[in-house]
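My request is simple: use the sequences and hints to build the entire structure.
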Amino acid sequence: MDAGALLDRYERMNVIRRTEKAAHDLFLQGLVKGTTHLAAGQEAIAVGASAALRPDDYVFATYRGHHHALARGATPEECLAELMSRATGLCRAKGGSMHLTKAATGMLGSYAIVGSHLPMAVGAAWSARLRGTEQLAVAFFGDGATNIGAFHESLNLAAVWRLPVLFVCENNLYMEYTPIADVTAVPRPAADRAPAHGIPGEVVDGNDVVAVEEAVGRLARRARAGEGPAVLEAETYRHFGHSRADPAAYRPAEEVERWLKHDPLDLARGRLAELGVGEERVAEADQRARAVVERAVGAAKAAPPPDPREALTDVWADGGAAWRT
615 MDAGALLDRY ERMNVIRRTE KAAHDLFLQG LVKGTTHLAA GQEAIAVGAS AALRPDDYVF
675 ATYRGHHHAL ARGATPEECL AELMSRATGL CRAKGGSMHL TKAATGMLGS YAIVGSHLPM
735 AVGAAWSARL RGTEQLAVAF FGDGATNIGA FHESLNLAAV WRLPVLFVCE NNLYMEYTPI
795 ADVTAVPRPA ADRAPAHGIP GEVVDGNDVV AVEEAVGRLA RRARAGEGPA VLEAETYRHF
855 GHSRADPAAY RPAEEVERWL KHDPLDLARG RLAELGVGEE RVAEADQRAR AVVERAVGAA
915 KAAPPPDPRE ALTDVWADGG AAWRT
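In case it helps, this note's numbering puts the sequence shown at residues 615 to 939.
Be aware that one or more of the hints could be misleading.
[Stated by the list, open to error] Here are the computed lysine-lysine pairs in the BS3-like style, where the Cα-Cα straight-line distance is at most 30 angstroms:
#: 1; residue 1: K915; residue 2: K635
#: 2; residue 1: K875; residue 2: K716
#: 3; residue 1: K708; residue 2: K875
#: 4; residue 1: K716; residue 2: K635
Hints were generated in silico from the structure; no laboratory data involved.
Given below as structure tokens:
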């Protein structure tokens with residue numbers, strides 16, 4: 615990856631990190647309705663993967679999906695307004711933090727039920743196969759979902775039909791509060807299980823945006839060529855607890871310290887320095903990201919509340935709420 619492309623990836627991650635920080639601060643101010651599940655620390659997976667995909671590819675994420683929504687074209691203002699239940703929110707205040715969706719850019723939703731979106735990604739890939747579009751479906755999920763039946767059902771059917779779908783596990787070591795290693799028989803909960811379904815399984819440094827983009831790009835080309843699905847396990851670490859109600863006191867201090875030293879933004883800055891990008895250009899990217907998010911916070915705060923008359927709209931594909939038999 616050349617310096618210009620990497621600086622672009624760095625700035626995108628920076629915008630996501632600052633948007634997550636804004637969500638945290640707005641929550642503490644009482645302006646975010648409901649809870650939030652922050653993805654600070656996991657930005658390289660979303661940005662690297664999205665950069666390797668086509669604009670018309672499909673992405674499915676978990677309730678910890680702010681970074682994927684932003685990487686796939688949602689703006690910080692749309693996301694923060696949604697968290698604050700404003701009319702200008704991504705889902706017009708109907709989705710909140712856990713259901714960010716922007717179908718126009720291929721972001722087909724964040725899902726709060728663990729593992730529920732994996733079969734949906736298989737269905738989207740089947741649709742692409744039927745229509746002959748060479749589109750790809752990508753399901754991002756946490757390590758905890760690998761112990762859910764839908765994970766194995768989805769891998770099996772995708773393998774049987776050789777579908778253009780990628781399963782990307784964001785392994786941040788914890789399934790809510792429980793270490794995944796305590797309840798799983800294999801060291802790599804996603805990659806080690808893939809071969810049982812006849813699918814290749816790989817592991818990548820999920821905090822290295824260059825490594826993620828390369829791995830997703832290679833597996834995407836393989837899937838589009840008709841060679842079937844693949845599993846990519848991206849090792850990463852969330853900076854915060856499971857949700858805003860979780861102080862994450864169960865995590866060993868030395869583990870937290872070790873992972874914070876392996877931060878995606880720091881790794882990208884190091885790579886930029888190796889490519890000869892000066893600190894001034896990096897600082898300019900930081901400032902641009904800061905300005906984007908500051909404007910987004912101001913606009914989201916100033917946005918009006920949703921119109922109660924729209925409460926039942928968008929239940930059906932035609933935008934209405936009338937039941938039809």
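Against the structure, the hints:
The suggested pairing of K915 with K635 holds, with an alpha-carbon distance near 15 angstroms, which does not exceed 30 angstroms. Straight-line distance between C-alpha atoms of K875 and K716 comes to about 33 angstroms, which puts the hinted pair past the 30 angstroms bound. For the hint linking K708 to K875, the alpha-carbon distance of about 37 angstroms lies beyond 30 angstroms, and the restraint is violated. Using a Cα cut-off of 30 angstroms, the hinted pair K716 and K635 holds, with the two alpha carbons roughly 22 angstroms apart.
Comparing the model with each earlier hint shows violations of hints 2, 3; every other hint is respected.
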